[in-house]
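There are 2 protein chains.
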Amino acid sequence: MERLLRSTLAGLVSRGSLEVHTASGARFAVGDGTGTPVAIRFTDANAQWAFLLDPELRFGELFMDSRLCVEQGSLYELVCLLMINAGQAPDNPWLDVVDRLRFSLRRWKQRNDRRRSQRNVAHHYDLDAALYALFLDQDRQYSCAYFEHPEQDLEAAQLAKKRHITAKLHLEPGQRVLDIGCGWGGLALYLADVAQAGRVLGITLSEEQIKIALKRARQRGLDERVEFRLADYRELSERFDRIVSVGMFEHVGLPHYDAYFSHCRRLLKDDGVMLLHTIGVSGPPAHADPWIDKYIFPGGYVPALSEILPAIERAGLVVTDVEVLRQHYAKTLRAWRERFMARRDEAVALRDERFCRMWEFFLAFCEAAFRHETLVVFQIQLAVRNDSLPLTRAYIAQRETVLRFVEPGQIP
Amino acid sequence: MERLLRSTLAGLVSRGSLEVHTASGARFAVGDGTGTPVAIRFTDANAQWAFLLDPELRFGELFMDSRLCVEQGSLYELVCLLMINAGQAPDNPWLDVVDRLRFSLRRWKQRNDRRRSQRNVAHHYDLDAALYALFLDQDRQYSCAYFEHPEQDLEAAQLAKKRHITAKLHLEPGQRVLDIGCGWGGLALYLADVAQAGRVLGITLSEEQIKIALKRARQRGLDERVEFRLADYRELSERFDRIVSVGMFEHVGLPHYDAYFSHCRRLLKDDGVMLLHTIGVSGPPAHADPWIDKYIFPGGYVPALSEILPAIERAGLVVTDVEVLRQHYAKTLRAWRERFMARRDEAVALRDERFCRMWEFFLAFCEAAFRHETLVVFQIQLAVRNDSLPLTRAYIAQRETVLRFVEPGQIP
Numbered sequence: 001m002e003r004l005l006r007s008t009l010a011g012l013v014s015r016g017s018l019e020v021h022t023a024s025g026a027r028f029a030v031g032d033g034t035g036t037p038v039a040i041r042f043t044d045a046n047a048q049w050a051f052l053l054d055p056e057l058r059f060g061e062l063f064m065d066s067r068l069c070v071e072q073g074s075l076y077e078l079v080c081l082l083m084i085n086a087g088q089a090p091d092n093p094w095l096d097v098v099d100r101l102r103f104s105l106r107r108w109k110q111r112n113d114r115r116r117s118q119r120n121v122a123h124h125y126d127l128d129a130a131l132y133a134l135f136l137d138q139d140r141q142y143s144c145a146y147f148e149h150p151e152q153d154l155e156a157a158q159l160a161k162k163r164h165i166t167a168k169l170h171l172e173p174g175q176r177v178l179d180i181g182c183g184w185g186g187l188a189l190y191l192a193d194v195a196q197a198g199r200v201l202g203i204t205l206s207e208e209q210i211k212i213a214l215k216r217a218r219q220r221g222l223d224e225r226v227e228f229r230l231a232d233y234r235e236l237s238e239r240f241d242r243i244v245s246v247g248m249f250e251h252v253g254l255p256h257y258d259a260y261f262s263h264c265r266r267l268l269k270d271d272g273v274m275l276l277h278t279i280g281v282s283g284p285p286a287h288a289d290p291w292i293d294k295y296i297f298p299g300g301y302v303p304a305l306s307e308i309l310p311a312i313e314r315a316g317l318v319v320t321d322v323e324v325l326r327q328h329y330a331k332t333l334r335a336w337r338e339r340f341m342a343r344r345d346e347a348v349a350l351r352d353e354r355f356c357r358m359w360e361f362f363l364a365f366c367e368a369a370f371r372h373e374t375l376v377v378f379q380i381q382l383a384v385r386n387d388s389l390p391l392t393r394a395y396i397a398q399r400e401t402v403l404r405f406v407e408p409g410q411i412p
Numbered sequence: 001m002e003r004l005l006r007s008t009l010a011g012l013v014s015r016g017s018l019e020v021h022t023a024s025g026a027r028f029a030v031g032d033g034t035g036t037p038v039a040i041r042f043t044d045a046n047a048q049w050a051f052l053l054d055p056e057l058r059f060g061e062l063f064m065d066s067r068l069c070v071e072q073g074s075l076y077e078l079v080c081l082l083m084i085n086a087g088q089a090p091d092n093p094w095l096d097v098v099d100r101l102r103f104s105l106r107r108w109k110q111r112n113d114r115r116r117s118q119r120n121v122a123h124h125y126d127l128d129a130a131l132y133a134l135f136l137d138q139d140r141q142y143s144c145a146y147f148e149h150p151e152q153d154l155e156a157a158q159l160a161k162k163r164h165i166t167a168k169l170h171l172e173p174g175q176r177v178l179d180i181g182c183g184w185g186g187l188a189l190y191l192a193d194v195a196q197a198g199r200v201l202g203i204t205l206s207e208e209q210i211k212i213a214l215k216r217a218r219q220r221g222l223d224e225r226v227e228f229r230l231a232d233y234r235e236l237s238e239r240f241d242r243i244v245s246v247g248m249f250e251h252v253g254l255p256h257y258d259a260y261f262s263h264c265r266r267l268l269k270d271d272g273v274m275l276l277h278t279i280g281v282s283g284p285p286a287h288a289d290p291w292i293d294k295y296i297f298p299g300g301y302v303p304a305l306s307e308i309l310p311a312i313e314r315a316g317l318v319v320t321d322v323e324v325l326r327q328h329y330a331k332t333l334r335a336w337r338e339r340f341m342a343r344r345d346e347a348v349a350l351r352d353e354r355f356c357r358m359w360e361f362f363l364a365f366c367e368a369a370f371r372h373e374t375l376v377v378f379q380i381q382l383a384v385r386n387d388s389l390p391l392t393r394a395y396i397a398q399r400e401t402v403l404r405f406v407e408p409g410q411i412p
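Going down the list, the sequences are from chains A and B.
Residues in the first sequence are numbered consecutively from 1, following my numbering.
Residues in the second sequence are numbered consecutively from 1, following my numbering.
Hints should not be assumed to be uniformly reliable.
Claimed, not checked - Now the stretches of chain B that chain A is said to cover, found in silico as 3 or more residues with beta-carbon under 8 Å:
(1) 140–148
(2) 296–306
(3) 326–332
(4) 393–403
Stated by the list, open to error - From chain B, some residues computed to sit far from chain A (all C-beta separations above 10 Å):
(5) R6
(6) W49
(7) S74
(8) L95
(9) L131
(10) S262
Worth flagging that the hints you see were computed from the coordinates, not collected in a lab.
Where a beta carbon is used, it is the ideal one built from N, C-alpha and C, also for glycine.
All chains should be modelled from the sequences, with the hints used to inform the complete structure.
Here is the structure:
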């Protein structure tokens with residue numbers, strides 16, 4: 001069996017240096033000996049079998065259970081080593097079968113009706129708010145930040161994200177805005193407070209998020225103009241001048257794209273504008289990562305642009321701009337992981353050791369995927385009409401300048 | 001038969017005011033009586049039959065032959081009237097059949113191999129250069145201009161287009177650039193002269209264009225650094241740092257998108273960047289307009305973004321930015337038509353009356369489609385790697401500022 005482990009790992013790792021300590025105490029090296037040396041150890045033979053049968057799922061799981069230990073180098077370096085080699089691995093008929101099966105199951109796994117959506121959301125976002133406070137910025141922006149320059153810190157980059165998105169909404173004074181997937185309310189409050197939106201409705205399916213969002217609105221005296229509601233986007237029937245949706249589309253699921261965009265179309269007034277901010281893949285469509293699907297975002301899906309656009313076109317919405325944020329999420333995830341690791345003891349006290357290993361794996365794995373794999377963030381601006389936005393994109397930078405000027409008065 | 005004409009036109013025109021004078025001298029009005037009144041006259045009964053059987057093709061054809069005359073209002077107003085009503089017409093089973101047939105033929109009509117591509121290009125671009133000089137800007141930019149503000153004139157907006165595209169190429173000094181579909185050479189010369197590209201290769205299949213491009217390079221003393229070659233993109237094997245392709249992709253044809261992008265990928269170095277500028281539709285995929293296909297751009301096709309992206313993803317290219325230019329081409333076409341009509345006598349002398357009616361129809365029809373229909377221009381920026389461009393799009397405006405400063409030295 002250890003020969004099979006060796007040949008499988010040699011197939012998966014052709015570049016870099018990976019030393020493997022097997023459960024029986026044997027050692028072997030795979031890769032071409034370049035780069036940072038990384039060593040791993042399997043604690044038992046069953047762990048090795050589990051890894052062989054389904055590395056994509058078991059790799060993270062064995063790390064969580066401390067049955068696959070990083071003996072030299074860091075978890076992040078290990079994950080990067082595997083990512084850099086991904087796509088270059090020679091054919092492995094068994095892994096191909098697992099892969100194809102996952103691909104064919106993806107529509108089934110993403111049948112996110114209202115009940116299932118709420119359950120999926122609760123799985124991740126109803127975790128203790130204190131946990132998120134350990135690693136997010138002060139405003140609890142739990143999506144990709146926008147780094148205006150490479151050295152910008154997380155707090156500033158998250159503020160810049162809200163500013164950038166707001167500028168793209170091309171708000172007119174007094175307009176009504178809908179925020180689909182409002183999280184803990186940061187963006188909705190910014191829209192009302194800094195950008196002077198008329199009224200903002202933020203919706204989420206997370207009960208924990210809504211409690212905090214409501215409290216923050218009251219504390220900032222914005223509860224007259226900002227409403228937060230525990231609701232599914234499919235339940236709304238009001239109409240809005242602007243719709244914004246940040247980091248929520250990942251939970252919609254492929255089979256629901258037509259429903260999502262046609263519903264957004266119905267909610268938008270005829271001169272309406274929408275800004276969709278979502279993780280995507282720059283390569284061809286893929287299946288959802290099985291470990292992420294099981295432990296982090298059940299029912300989620302990261303689409304290629306080619307999978308999003310047909311539904312937009314069928315809904316009668318016009319794509320007016322697509323910005324592709326590359327590397328920004330890698331930088332965001334790095335900052336989150338550093339903050340999380342610095343306060344890991346508090347996280348263990350809140351949850352337990354296995355949870356923290358899961359969280360560390362989640363943040364390291366995603367950072368590596370954004371840095372070395374095809375993960376990106378799409379900011380897709382949509383309109384109903386062809387002529388409801390200015391001729392050029394210059395207004396975006398101009399509005400950012402104005403917002404930057406107004407912001408100092410904002411209470412974090 | 002005139003009753004059939006009346007019911008068909010009433011189906012096609014529900015908004016606006018259209019008065020129809022039939023060949024027999026009868027008159028009727030269709031529409032809701034709003035807007036600018038327009039009147040048309042059919043000169044003979046056969047013209048009416050032709051229109052009934054295939055309005056999409058025959059409408060323009062009958063106008064060219066002076067068998068459908070505009071008696072009140074302008075051709076442009078007539079075309080707009082029909083466009084505004086398009087998509088709202090009730091079902092007409094016969095027109096549905098014609099439509100579906102065209103849709104199924106579209107792949108066959110676009111089998112643009114090297115020989116056919118050259119013939120298609122010759123059909124339009126090998127027309128007398130003096131004709132194009134009548135209505136294009138001084139630099140002969142025969143693609144959508146970029147209006148930095150609504151009142152900018154054509155000359156300035158075409159210069160702004162070259163500047164905008166060049167900025168998006170993120171050129172480093174001395175880099176090699178390929179211009180696929182170089183036209184009369186204006187952009188390639190700008191890249192070498194203003195943007196200081198190392199070497200530029202411009203390719204076209206039009207013999208008339210290449211002659212003029214070569215002459216211009218010599219006249220401006222740029223023939224050492226700018227090469228123009230009569231070549232198909234599929235024939236090249238050199239590698240380039242940058243590729244630009246403006247208004248050429250419309251001639252590639254749907255069945256060749258995979259070949260186009262995978263060939264571009266092969267021609268690009270690993271830190272390469274490409275800028276594709278093409279007409280597209282913002283709605284779902286459609287068939288090519290039959291009149292445009294027959295008289296203006298045989299073998300051409302205007303794709304939806306959802307039709308372009310799968311081929312990009314399969315080719316291993318990363319979409320790094322998509323700008324959607326709305327209304328810019330309507331403004332460009334308006335300027336071209338005004339210039340053309342002001343020098344129509346010269347155009348008749350160069351060609352003949354029927355040709356000029358065709359040209360007028362072409363420019364008016366396209367303007368109306370960009371203004372009222374779903375036509376837009378996509379500027380799709382592509383890269384091989386995820387990290388070969390700056391974090392934000394700010395460099396585009398910064399480079400434009402620098403280019404604007406250097407431009408005054410440019411010889412038009």
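Status of the hints after comparison with the structure:
| no. | hint | result |
| --- | --- | --- |
| 1 | 140–148 | holds (count 3) |
| 2 | 296–306 | holds (count 3) |
| 3 | 326–332 | holds (count 3) |
| 4 | 393–403 | holds (count 3) |
| 5 | R6 | holds (31 Å) |
| 6 | W49 | holds (35 Å) |
| 7 | S74 | holds (21 Å) |
| 8 | L95 | holds (21 Å) |
| 9 | L131 | holds (29 Å) |
| 10 | S262 | holds (13 Å) |
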